[in-house]
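Undergrad: As a plain string of letters, each chain reads:
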Amino acid sequence: MEGPVTEKKHPSITVQTRPMTKVKIKVLLKKALIYLVLIIVALGMLGPFLWLLSTALKSGHENIFSYPPKFIPESPTLGNFSRVMDAFPFWTYLMNSTIVGFFTVLLNVLFCSFAAYPLARMNFKGKNIIFILIISTMMIPFQLLMIPIYILSLDLGLKNTYAGLILPHATTAFGIFLMRQAFITIPYELDESARMDGANSFQIWWRILLPLVKPSVVTLAIFTFVMAWGDFLWPLIILDDQKMYTLPLGLNALTGLFSADWRLIAAGSVISVLPIIIFFLILQRYFIKGATSGAVKG
Amino acid sequence: MKQNVLTPYLFLLPGCVILGAFIFYPLLQAIWLSFTDYNMIVDPTFIGTENYQRLFDDDMFWKTLIQTLIYLVGVVPALIILPIFLAILVNQKLKGIGFFRSAYYIPVVTSWVVVGITWEWVYAEKGVLNYLLEVVGLVNGPVHWLTSEKTALFAVMAVTVWKGLGYYMVIYLAGLQSIPSNLYEAAEIDGANKWQQTIRITIPMLMPSIIIVTVMSSIAAMKVFEEIYIMTGGGPLNSSKTLVFYIYQEAFEKLSMGYASAAGVVLFLITLIFSIVNLKLMGRKENVA
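The listed protein sequences derive, respectively, from chains A and B. Residues 3 to 300 (this note's numbering) make up the first sequence, in order. Residues 821 to 1109 (this note's numbering) make up the second sequence, in order.
Isolated chain B (complex conformation) (with noise of 0.2 Å):
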């Protein structure tokens, strides 16, 4: 009754010939590319380190990778803490709660072209946005959320939130659900309100989860581009270009694909560091439990 030995590696195979035509061998291809000079027309030629040399002292390379990071730090924190929130929200036994967790959800399921015209016109100068803030008091005069270097980014962001808010709600109502109820009960009878429960149980108990949320979001930062491309073009004045958008334009509009490959493997590198401290994180909490 055994099994032929080839049988195992006759299931890996077409799996493992899509992953390593299209990951494996462009990884390697990527790594050689960024050592050389290559426009697509002349084969390449092997320059050493004069990309990494020129990233280095590229104004451009540095402003986007900045900006990534600033995205980063603002969209990371508000998806791992809101959608702890809504995930509470909608976990109450409630008549028509499915209707809302669909409604949260739909933003997720909309693609970026949409999700980006359809902020665009919100942003707009007199748009949906402006009015409302205005008939709150909170600006006076209408903002140019999406056309203003100080704005641009940051409106961008938000709508980075806004649409990765329902996919990280799921990934916490999941955690929410296997929080055994005992311990709640146990709190209410020491006495503890429905704030203290949430600090003392329901964060500490989502902490998988949070730790999960951590790292698909940033990673998902690092990588931003569509909503760039589509809202704003990483305009005015480059002050919402984020790293991909800038391998992007060097790669496929000016084909300096030696130099957009090194831009591509530093990018590779940070993701790389945000994946093993996630691991150890991981690691360490499965000891902890």
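In isolation and in its complexed conformation, chain A is listed as follows (with noise of 0.2 Å):
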């Protein structure tokens, strides 16, 4: 990995000699060395996706067990993925994933910015102490407060409902931080003139400063979105009903059911992944943009 780095060693010797081509072609090379190492990572990151989706388009009668190993399949087919939607109710779990995904994202947005905006821009008793208690938050795991929310749940009636899966995620410290730093940066004035305009707080809030922090608002709903569509541990306690099944429970269930098959496997697997690809693909610039301003963690 460290090639591009290390190969730029003897320049200033050859430099003198033949400049212009000898240079040209060092860069050249470097160049193609680059891409080189970044042709190497890329297939250390998706190749195995890539010998999954070929595993799924293997048909009945080539041997997947083949040894060495057949990377292209000898008669690509459909028919497993037909064949695993037929046995795996891709739509219904879909759905719920969908569903769960889209509300624990609408309330992370609206209770997160809610609570940030007071503790970015007011005044009042307690401000400090409920900041830290909500800061603190983060440092709590999960795994410790499965069981008693778990109980919660029960006592609520939330198992097997979509407000079970939903609620306990429904405002993470992250959030409110993420967001509080946001208004933070908006100069005070707005708020003033607005104010002078007659405008109330909630007024303020929702025309003046949730329009002005749009890309965190973006961020802080993709990265629900993410955790709340590939969490595992939290529906698998909460659910036993099939028909709630989210896509990554789904996905689980139909591995103990086609324990053997590993064709139709690799492609309910293919299936299940190929939604949050695409989100990720028409939303990845916010992503990396994302990442950058939720790791910067004051």
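Be aware that a few hints might be false.
Just the calculated beta-carbon pair ranges, DEER-fashion [claimed, not checked]:
(1) SER1001(B) x LEU276(A): 35 to 43 Å
(2) LYS970(B) x LEU52(A): 22 to 30 Å
(3) LEU45(A) x LEU830(B): 50 to 58 Å
Far from chain B by the CB rule (all over 12 Å, computed), these chain A residues [said to hold, decoys possible]:
(4) LEU31
(5) SER77
(6) THR79
(7) LEU80
(8) PHE83
(9) PRO91
(10) MET97
(11) VAL219
(12) LYS245
Straight line, CA to CA, 20 Å or less: simulated PhoX-like cross-link-like pairs of lysine-lysine [stated by the list, open to error]:
(13) LYS913(B) x LYS28(A)
(14) LYS161(A) x LYS245(A)
(15) LYS33(A) x LYS915(B)
(16) LYS946(B) x LYS72(A)
(17) LYS1014(B) x LYS26(A)
By construction, these hints were calculated from the structure, which means they are not laboratory data. Even glycine gets a Cβ: it sits at the ideal position worked out from N, Cα and C.
Bring the two chains, given one by one in their own frames, into a single complex with the hints.
TA: What follows is the structure, given as structure tokens:
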């Protein structure tokens, strides 16, 4: 991985003899080397998925355990996908995941930016202690809380419900912090002039502040969505009705069902990963931007 | 033009209700439960520190705790160092660099279930990994990556690192882009080569990001569960069972809620120590700067 860094060793000696061509060749070589490293790493990151995809495309006649492994299917077929769709209520799971993801995002954006507003722009009693308490929740592992939350959810009748999947994650300290940082950067005169014009606090929040922090809202939405979409432990605990399964749980159940047939398991995995990959590819520039703003934790 | 006294609290209310109901109240209850015997059928009975004493004598608790720490010691340094090089690699202005950044990030957005299945298949006895290693000559004969006591935990660790690379890469990328370029220009004039520049400028300037990554990855490592559950189920012979996996089994398979809560409190205290050490480090860093 250190290729592009180390290989610039002897330029100063050679440059003097035939400057232009040598430098050009060197630049080209360096570029080629960087691309080579980039491609090798990309193969490492995507290769496992491609191998799974290749298996999903192999027909029943082909031995998927052949050794050495065959990377390209002999006669590619979509048969595994249609077979797995028959056994695997993909659309139900997709709908469950989408509902859970959508409402988790919606509530997080609302509640976090609500809570962040006074923390960023108002003075009131107990402000510091409330902020510290909120931030301290980041240090408490969910794995400690899952037992009481499970008991609480049973008491509230949340087992096997969307609310049971959504509510425990409806607000995060990370989200409040992110939104607070965003609100703080907005000049305070904006609030004041709006207040002069007779706007109340809610209107200031909705009409002035929120539109100005759209990038942070998008960041929060994306990260919350990916978190909710991939969540496994909590759904595993709170759901036992297969009709309520989200995609990860459904896929997990599928591997139990087809424990012997890797073609179908592979096809099911490919199907269930497609929505989030599409989501990512559409919004990728926000991902890269977002992670950076989220990471800078003050 | 004074705002209503209640306004700030009204804005805080919904978020605080959620955090209160699903974090603070459960936290107190978990601590309380850890001093009780509770199986979800009969009401909890207070038994003092008995759960903690039992934990202390419980070989499986120590085994899983030690395996969790091994996991942490293996995964965290890799997740601190490798993404720095990845970030440097994708921080260049080249055609198509966006594609590579996205490609490296795809494992991050993929759910653990899919990643686990994918790697189970890569690790299979007659799988791609064994084949490639055999071609290169690193192994002779297939290695049972996930089904051998010697390798299972390490095989899962490798996947954790693989999945996390892109995430931390992006954090470092932000750090890299905030380093003023005149530092490099000055170093260039002083005759420092690229490697020296990396060691003397890039790494020190990345220190804030490095601290963040250290803390985030070590807290995440303490809580490892999904990858274990999906790829090995804690086996073979508990050789890849981690603390959270043990808590999960005690709580939701054996319904020993009180005992599992005590183990959870221990987990909490360990992560708390990490967080405090981190805050101290960050505080010191700020003073220096």
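Undergrad: Taking the closest pair, is the beta carbon of LEU80(A) still more than 12 Å from chain B?
TA: holds, 19 Å
Undergrad: Does 50 to 58 Å hold as the CB distance between LEU45(A) and LEU830(B), or does it fail?
TA: Holds, since LEU45(A) and LEU830(B) (Cβ atoms, about 54 Å apart) stay within the stated range.
Undergrad: Just to be sure I understand the hint, the distance between the Cβ atoms of SER1001(B) and LEU276(A) should be within 35 to 43 Å; is that true here?
TA: holds, 40 Å
Undergrad: Just double-check THR79(A) for me: nearest Cβ-Cβ distance to chain B has to come out over 12 Å.
TA: Consistent with the label, THR79(A) stays out of reach of chain B, its closest Cβ about 18 Å off (over 12 Å).
Undergrad: Against chain B, does LEU31(A) hold up as non-interface, every C-beta pair farther apart than 12 Å?
TA: Since the minimum Cβ distance to chain B is about 14 Å, LEU31(A) lies beyond 12 Å and the statement holds.
Undergrad: Assess, step by step, whether the Cα of LYS1014(B) is no farther than 20 Å from the Cα of LYS26(A), and give holds or violated.
TA: holds, 19 Å
Undergrad: Quickly compare the C-alpha distance for LYS33(A) and LYS915(B) to 20 Å and report which way the hint goes.
TA: holds, 10 Å
Undergrad: Holds or violated: is the Cβ of PRO91(A) farther than 12 Å from all Cβ atoms of chain B?
TA: The claim stands: PRO91(A) keeps its Cβ more than 12 Å from every Cβ of chain B (closest is about 16 Å).
Undergrad: Quick one: work out the minimum CB distance from SER77(A) to chain B and report holds if it exceeds 12 Å, violated otherwise.
TA: holds, 20 Å
Undergrad: Mind verifying the non-interface call on VAL219(A)? Its CB should be farther than 12 Å from each CB in chain B.
TA: The assertion about VAL219(A) holds, with a minimum of 15 Å to chain B.
Undergrad: PHE83(A) clear of chain B by more than 12 Å, beta carbon to beta carbon?
TA: For PHE83(A), whose nearest Cβ neighbour in chain B is about 15 Å away, the distance exceeds 12 Å, so it holds.
Undergrad: Does the structure keep LYS161(A) and LYS245(A) at a Cα separation of 20 Å or less?
TA: Holds, at roughly 13 Å.
When the structure is compared with the earlier hints, no violation turns up for any of them.
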